[in-house]
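Undergrad: Put chain B on the given structure of chain A with help from the hints.
Chains as they are written, first to last, in the working numbering: chain A, 949 to 1062; chain B, 203 to 315.
Bear in mind the hints are in silico, worked out from the structure with no lab data behind them. Wrong hints could be hidden among the right ones.
Some chain A residues near chain B, calculated using beta-carbon distances under 8 Å [what the hints assert, rightly or not]:
(1) Phe981
(2) Gly988
(3) His989
(4) Leu991
(5) Leu993
(6) Gly1006
Please read these numbers as outputs of a predicted model, since none were measured by experiment. In this text, a Cβ means the ideal position worked out from N, Cα and C, and glycines have one as well.
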Amino acid sequence: DAEITQSPRHKITETGRQVTLACHQTWNHNNMFWYRQDLGHGLRLIHYSYGVQDTNKGEVSDGYSVSRSNTEDLPLTLESAASSQTSVYFCASSEIAGSTDTQYFGPGTRLTVL
Amino acid sequence: AQSVTQPDIHITVSEGASLELRCNYSYGATPYLFWYVQSPGQGLQLLLKYFSGDTLVQGIKGFEAEFKRSQSSFNLRKPSVHWSDAAEYFCAVGPLSGYALNFGKGTSLLVTP
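Bound-form chain A, shown alone (with noise of 0.2 Å):
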């Protein structure tokens, strides 16, 4: 069955240090998402991508980034790490258009930063 996947699904790090978020779906999706979230604020969107080389920065974009050079990944980057960044970072993706379109999220990852 096609699926996305995160990994890992937990990491501790330290404040400085550049973290690299892994999603990977198969279900051939044009389009990716990457979320934050936090306590009282739900989800948020970070980057997103609607295709191969195309990336767009989201609401809270500052100190992550994006790169997409397969249809299937797109990590997500800490350059430098810090303890505002500790959350739950959700990647989702779908396919563009149609009416019984849907995003799919992934099962999470829990970033600490100390």
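TA: Showing chain B alone in chain A's frame:
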């Protein structure tokens, strides 16, 4: 700018009682509206979605939602709540199917015996 408001942060209902979770949106064009559920420690699962047509939408797990354009609302309902419905519920709005979504802050549902 698009936004979603879920006025209730926490809701407690007794098992077997009816449930209504509120969602209000602000959007300049025709909204695409969604309800997702998140069980503890899990990812988000789509309950239902509205794109057009019938304003009463049926979803999974016995949930339904009604789109009311005049009130800019998309409230989620269930006639009889089960203990397994305890979870976090998120309303979301987007410009088109499949594009980036704007989420509300969520409503945490507690179900008591």
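Undergrad: Look at each hint and say if it fits the structure.
TA: Evaluation of the provided hints:
no.	hint	in the structure
1	Phe981	6 Å, holds
2	Gly988	6 Å, holds
3	His989	6 Å, holds
4	Leu991	4 Å, holds
5	Leu993	5 Å, holds
6	Gly1006	7 Å, holds
In this structure, none of the earlier numbered hints is contradicted; all agree with it.
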